[in-house]
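Chemist: These protein sequence lines are chains U and P, in that order. Each residue of the first sequence is one higher than the last, beginning at 1 in my numbering. Each residue of the second sequence is one higher than the last, beginning at 293 in my numbering.
No lab work stands behind these hints, which were simulated from the structure alone. This structure is a prediction, so every number in the text was calculated from the model and none was measured. It is possible that part of the hints are untrue.
Here are the simulated lysine-lysine pairs, BS3-like style, with alpha carbons at most 25 Å apart [what the hints assert, rightly or not]:
| no. | chain 1 | residue 1 | chain 2 | residue 2 |
| --- | --- | --- | --- | --- |
| 1 | P | Lys366 | U | Lys178 |
| 2 | P | Lys655 | P | Lys644 |
| 3 | U | Lys116 | P | Lys350 |
| 4 | P | Lys350 | P | Lys299 |
| 5 | P | Lys549 | P | Lys444 |
| 6 | P | Lys320 | P | Lys358 |
| 7 | P | Lys366 | U | Lys182 |
| 8 | P | Lys589 | P | Lys545 |
| 9 | P | Lys475 | P | Lys501 |
| 10 | U | Lys116 | P | Lys608 |
| 11 | U | Lys87 | U | Lys182 |
| 12 | P | Lys400 | P | Lys358 |
| 13 | P | Lys517 | U | Lys182 |
| 14 | P | Lys569 | P | Lys608 |
| 15 | P | Lys366 | U | Lys116 |
Below are the chains, spelled out letter by letter.
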Amino acid sequence: MIEKNKNTVTQVKNDTKRTSNLKEMILRQIPLVIYALLILVPLTLVFFASFKNLAQLYNDPLGVPHKWDLSNYIQLFSNENMFVYFKNSMVVTFTSVFFILLLGSMISYAIIRLPKWWGNILFAFVTVGMMIPTQVNMIPVYILFAKLNLLNKHLGLIIITVAMLLPICVFILTGFMKTLPKGLIEAAMIDGASHWQIYSRIVLPLSLPSLASTAIFCFVISWNDLLYPLLFIKSNSLRTLPLALLQFQGEYLTNYPMIFAGVVAASIPMIIVYVFLQRYFIAGMTAGSMKG
Amino acid sequence: MAGLTLKNVYKYYNKNTIAVSDFNLEIKDGEFLVLVGPSGCGKSTTLRMVAGLEEVTKGYIYIGDKDVTHIEPKERDIAMVFQDYALYPHMSIFENMAFGLKLRKYPKDEIKQRVENAAEILGITHLLQRQPRQLSGGQRQRVALGRAIVRKPQVFLMDEPLSNLDAKLRVQMRAELVKLQRKLATTTIYVTHDQTEAMTMGDRIVVMKDGFVQQVGTPEEIYHKPSNLFVADFIGSPSMNFIEGKLVVEDNKVNFKAEGFNIDVSNLININEVIEKEVILGFRPENATMENPGNTKWSTPVNASVELVEDLGAEKVLFMKASNQEFRVKIFDLNYDVKVGQSKQVYLNLNKIHIFSKSDGNKIYGC
Chain U
1 MIEKNKNTVT QVKNDTKRTS NLKEMILRQI PLVIYALLIL VPLTLVFFAS
51 FKNLAQLYND PLGVPHKWDL SNYIQLFSNE NMFVYFKNSM VVTFTSVFFI
101 LLLGSMISYA IIRLPKWWGN ILFAFVTVGM MIPTQVNMIP VYILFAKLNL
151 LNKHLGLIII TVAMLLPICV FILTGFMKTL PKGLIEAAMI DGASHWQIYS
201 RIVLPLSLPS LASTAIFCFV ISWNDLLYPL LFIKSNSLRT LPLALLQFQG
251 EYLTNYPMIF AGVVAASIPM IIVYVFLQRY FIAGMTAGSM KG
Chain P
293 MAGLTLKNVY KYYNKNTIAV SDFNLEIKDG EFLVLVGPSG CGKSTTLRMV
343 AGLEEVTKGY IYIGDKDVTH IEPKERDIAM VFQDYALYPH MSIFENMAFG
393 LKLRKYPKDE IKQRVENAAE ILGITHLLQR QPRQLSGGQR QRVALGRAIV
443 RKPQVFLMDE PLSNLDAKLR VQMRAELVKL QRKLATTTIY VTHDQTEAMT
493 MGDRIVVMKD GFVQQVGTPE EIYHKPSNLF VADFIGSPSM NFIEGKLVVE
543 DNKVNFKAEG FNIDVSNLIN INEVIEKEVI LGFRPENATM ENPGNTKWST
593 PVNASVELVE DLGAEKVLFM KASNQEFRVK IFDLNYDVKV GQSKQVYLNL
643 NKIHIFSKSD GNKIYGC
């Protein structure tokens with residue numbers, strides 16, 4: 001009898017535990033589902049809209065397209081300049097990301113190797129840049145670049161992108177590099193490695209996860225950047241994609257389906273980069289954030 | 293290969309934090325020297341100063357005749373084995389071992405030959421193409437050793453290299469390391485907090501505490517002739533027994549008196565040599581016996597009761613109590629019948645007792 005009662009009590013306890021676990025799970029999942037919807041719904045609407053014509057879009061902005069019509073895409077790429085804009089975006093973004101990672105990793109290496117006090121000063125000096133909003137610098141940077149004859153050139157755009165994204169890159173990479181075992185660097189020193197050899201043969205290969213996540217992060221920001229191209233680029237042949245998409249926005253009438261088709265096409269390289277680097281992405285982001 | 297000299301070496305982290313103070317030592321070519329002491333005693337800092345990983349605040353370090361005090365680690369011609377092995381995780385075992393040679397631009401054939409030779413000595417030839425993460429702790433330890441020996445450096449530095457291994461493997465590697473060092477005859481400094489490792493491995497031992505060298509000597513000297521209370525207590529397992537008491541001169545004899553103890557120590561001290569009266573008597577557990585030896589080498593009996601018996605198989609450790617004084621006695625006669633609660637008479641070997649000053653802990657009388 002007692003045994004039976006015991007069993008019943010255990011079962012009730014288990015049931016209560018299971019219910020509370022379920023509740024906890026639902027409570028935890030709801031915000032995530034809401035967040036996912038907030039991102040997925042607009043993306044889906046943009047994707048759908050890129051297959052509609054203007055009339056369809058206005059009549060049924062939220063619905064699935066009646067016909068999967070590629071005419072927006074065809075029209076988009078029939079404009080020969082579209083390939084030029086793609087190429088411009090590629091040149092600016094890839095060059096910027098390359099230099100951000102190169103310079104950022106070197107600065108981060110210096111920060112972890114300098115005596116603690118000097119390292120902290122350098123870290124503060126570089127990362128304080130994260131606190132300055134882009135808009136605040138617009139006019140002085142414009143004047144400076146005009147004097148340096150860097151306006152309307154990709155070089156100018158690359159320089160400003162590197163300068164803008166270097167602080168966040170240093171922030172993430174330093175956080176990661178600080179987690180590398182100090183013994184590895186000391187072992188390399190005793191093995192006879194110079195600073196450059198320690199950086200290039202030990203620290204850099206071991207920092208691949210954080211380099212990958214920083215690369216994705218910077219790639220997305222640089223690829224989507226509208227402000228600086230708008231500010232610096234005048235020639236049609238030098239425009240980047242976001243700037244080019246502005247063409248479809250008229251004073252009286254905006255061709256939204258075309259813009260959306262452009263947006264979808266423009267996001268393909270980002271998706272490709274993410275797919276290639278995503279396995280490093282999470283590790284890099286968490287390591288950087290925890291130590292930052 | 294070369295000897296090593298440390299001359300008045302100091303390390304301060306700031307005015308109040310002294311890591312190493314006035315370290316003086318000459319290490320002979322081919323010698324195996326062990327630095328031993330508790331955590332924070334400055335042994336690792338001393339090793340790191342020799343390696344060039346820590347700046348020397350004051351003093352000089354010479355490898356052979358070359359002053360290396362302020363030069364880069366890579367120019368010192370040393371190799372170091374770290375506690376956590378510090379193998380490069382993105383390189384294969386071969387690359388790990390070859391890294392130092394590659395940086396020094398040795399020809400490829402020689403690198404290959406040296407790595408293979410070292411791998412053969414350590415029995416890790418079959419592991420050369422693997423990655424460090426695929427190896428067990430013991431194998432990683434061998435690779436770390438291999439990385440050090442391929443370079444054929446002037447000096448090996450080892451920072452607690454066995455402390456991450458399990459007990460059995462540690463004993464095995466301990467013997468292998470000693471054999472390897474004898475074979476290569478390379479000057480070696482070995483840091484450990486384990487007094488057994490220190491006793492079994494070193495040609496000489498340096499015992500350190502709070503940044504100061506307490507004693508330098510062969511394992512026998514350190515064990516049998518400790519220069520102060522700290523060394524006497526730190527070395528030996530179970531550690532030395534200490535009894536606080538007084539030296540009293542009576543009837544032309546010097547007696548050590550404490551609660552439960554009254555021992556004639558005239559063989560150690562002349563009557564007119566007694567300066568300090570408050571002292572601590574020290575004796576090792578194996579230097580006491582329960583059976584009346586019946587000669588003058590042994591003390592008069594101390595009456596004590598048996599509190600606990602630890603049977604270690606090859607020996608027994610008895611926890612004894614005389615009045616309020618607790619001490620341990622080690623006996624090797626396994627047939628000796630002893631039970632908890634029994635009263636016994638304990639005799640101390642007068643040639644093996646030590647008398648330490650109560651005020652500063654230094655040995656004042658004894659062997």
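Chemist: A separate judgement is required for each hint: does it hold in the structure or not?
Modeler: Going through the hints against the structure:
1. The hinted pair formed by Lys366(P) and Lys178(U) meets the criterion: a straight-line CA distance of about 23 Å does not exceed 25 Å.
2. A distance of roughly 13 Å separates the Cα atoms of Lys655(P) and Lys644(P); the hinted pair therefore holds under the 25 Å criterion.
3. Distance check on the hinted pair: Lys116(U) and Lys350(P) sit about 21 Å apart at the alpha-carbon level, within 25 Å; holds.
4. A hinted pair counts as satisfied when its Cα atoms are at most 25 Å apart, and Lys350(P) with Lys299(P) qualifies at roughly 9 Å.
5. A distance of roughly 57 Å separates the Cα atoms of Lys549(P) and Lys444(P); the hinted pair therefore is violated under the 25 Å criterion.
6. For the hint linking Lys320(P) to Lys358(P), the alpha-carbon distance of about 15 Å falls within 25 Å, and the restraint holds.
7. In summary, the hint linking Lys366(P) to Lys182(U) is supported, as the alpha carbons are separated by about 17 Å, within the 25 Å threshold.
8. Only pairs whose Cα atoms come within 25 Å are accepted, and Lys589(P) paired with Lys545(P) is accepted, the gap being roughly 16 Å.
9. Restraint check: the Cα-Cα separation between Lys475(P) and Lys501(P) comes to about 32 Å, which exceeds 25 Å; the hinted pair is violated.
10. Distance check on the hinted pair: Lys116(U) and Lys608(P) sit about 53 Å apart at the alpha-carbon level, beyond 25 Å; violated.
11. Restraint check for Lys87(U) and Lys182(U): not satisfied, since their Cα atoms lie roughly 42 Å apart, outside the 25 Å limit.
12. Between the alpha carbons of Lys400(P) and Lys358(P) the distance comes to roughly 30 Å, so the proposed pair goes past 25 Å and is violated.
13. Restraint check: the Cα-Cα separation between Lys517(P) and Lys182(U) comes to about 40 Å, which exceeds 25 Å; the hinted pair is violated.
14. For a cut-off of 25 Å, the pair hint linking Lys569(P) to Lys608(P) is broken: about 34 Å separates their Cα positions.
15. Among the hinted pairs, Lys366(P) with Lys116(U) is consistent with the structure: their alpha-carbon atoms are about 22 Å apart, no more than 25 Å.
When held up to the earlier numbered hints, the structure conflicts with 5, 9, 10, 11, 12, 13, 14 and fits the remainder.
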